[in-house]
Amino acid sequence: MNVKTDDYELIQDFLSGNEQSFNILARKYQERIYWHARRMLGDHDDAHEIVQQVLLVMHSKLNTFNFSSALYTWIYKITATRSLNLIKKKKLTRLFTFNSDEIVENSGYENIIEDIEARERFIKMEKHLNSLPVKQRQVFVMRNYDDFSYEEISNMTGKSIGTLKANYFHAFRKMKELMEKNDY
Amino acid sequence: MTTDERIVKYIENELSPQERNAFEVDMNNSVELREEFEKYLKVYVETNEIKKLKLNPLYLASVLPEFRDKFDAPKTFSVKRNLGYAFGAMLVFILSIVVLKNFFNAKTELTDLQEFTQSLNENQRIELLKNLNGDQVVFEIISDSLYKPELISLFETNLKVNNEVAETYDIEYHEIISGLSKDEVDVIYKEILNSDLLKKDAL
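Those protein sequence lines, which keep their order, are chains A and B. Numbering follows the numbering used here, in which position 83 of the first sequence is assigned residue number 83; successive positions increment by one, without gaps. Numbering follows the numbering used here, in which position 116 of the second sequence is assigned residue number 116; successive positions increment by one, without gaps.
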């Protein structure tokens, strides 16, 4: 059996009508989509919503993907945009429903990380990440978790490298202060 | 460069070789710098640990089936939702008609008024202005959709400043003169020179 694994082949196969190829692509990237959304949004349910949205966009818009970048870069941009949009939407919702500014801790799916100790460490760091302003959070996540270079982040976000470095520095310093305060 | 910046750049490997060596020497010589460096390093180490975490396979296995369920499900016709959309569309349509109607009425009224004012001679305009300034609603043509200043400016169009206008607006003669530009004064002076008034006075 000739298993297609190359993204290009899978996309061509999907566009020819083979839904199984789409399923392979979805399974290949779903975890990375989830993690980026989770780190930006700090909530499982929101991250899950983003995963579903991104899969829908992939399914309907893969025919427009022109291979000028890697497939994951294309998927990542969609994920990042959707995550930022949801953050803005949640801010507006909080404004109009007069909710308290406190972030309600909602891990949602309790066993999303099976190891209890690892889960607790993750939730602690997630809380610190949520304290960062969105712009700082974004560059911190893209640099430290997604391992993008400043040039790649600049291409994706349209921001200058200088701005990104400044935001990253402030994010790093804030994370250090928060971890120090919480006695790591 | 501040200490914090040096530390972050060192961790990010952005210091030049000379700067890097200097930083390492400073760290060896300073307990405080070393402690501060350790705090930053903890962020880096903790981040790297969390990066290695994997999602529960049961959750991952549920993502695609959920997507397929939503995507492949037959689209149901929701009466409630579609009624809501229809109501919203109707409301927008009605509001647009009302706004456009008011706009065109105002424009039509304005056109009618413009034509009317242009048909008046100067004395008739001054008479109207006197009545408007006196707050007496005399004419039926005064429109509800136009403000009084707009009406006044219509009647003032092409109105020449003379004694009657000055009286209407309670303007002193010297105020008229002081409001004129040098070119306007030159034009009036030339008109006076050419007019019969001076010749009569001379006689």
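Heads up, some of the hints might be wrong.
As the list claims (entries may be wrong) - Okay, derived cross-link-like pairs now, DSBU-like style, lysine-lysine, Cα gap no bigger than 30 Å in a straight line:
hint	chain 1	residue 1	chain 2	residue 2
1	A	K88	A	K174
2	A	K28	B	K52
3	A	K181	B	K101
Unchecked claim - Covered by chain B, according to a simulated footprint, are these stretches of chain A (three or more residues, beta-carbon under 8 Å):
hint	region
4	63–77
5	83–90
6	118–128
7	170–182
To be clear, the hints were calculated from the coordinates, so they are not data collected in a lab. Every residue gets a Cβ at the ideal spot worked out from N, C-alpha and C, and that includes glycine.
Checked hints:
The straight-line distance between the Cα atoms of K88 of chain A and K174 of chain A is roughly 22 Å, inside the 30 Å bound, and the hint therefore holds. The suggested pairing of K28 of chain A with K52 of chain B holds, with an alpha-carbon distance near 17 Å, which does not exceed 30 Å. A C-alpha spacing of about 64 Å is found between K181 of chain A and K101 of chain B, which places the hinted pair above 30 Å, so the restraint is violated. For the region 63–77 of chain A, the assignment as covered by chain B is violated, since 0 residues bring a beta-carbon within under 8 Å of that chain's beta-carbons and 3 are needed.
Counting residues of the region 83–90 of chain A whose beta-carbon sits less than 8 Å from any beta-carbon of chain B gives 0, not enough to reach three: the coverage restraint is violated. By the rule of at least three residues with a Cβ nearer than 8 Å to a Cβ of chain B, the coverage given for the region 118–128 of chain A holds, with 4 such residues. Look at the region 170–182 of chain A against chain B: 6 of its residues bring a Cβ nearer than 8 Å to a Cβ of that chain, three or more, so the hint holds.
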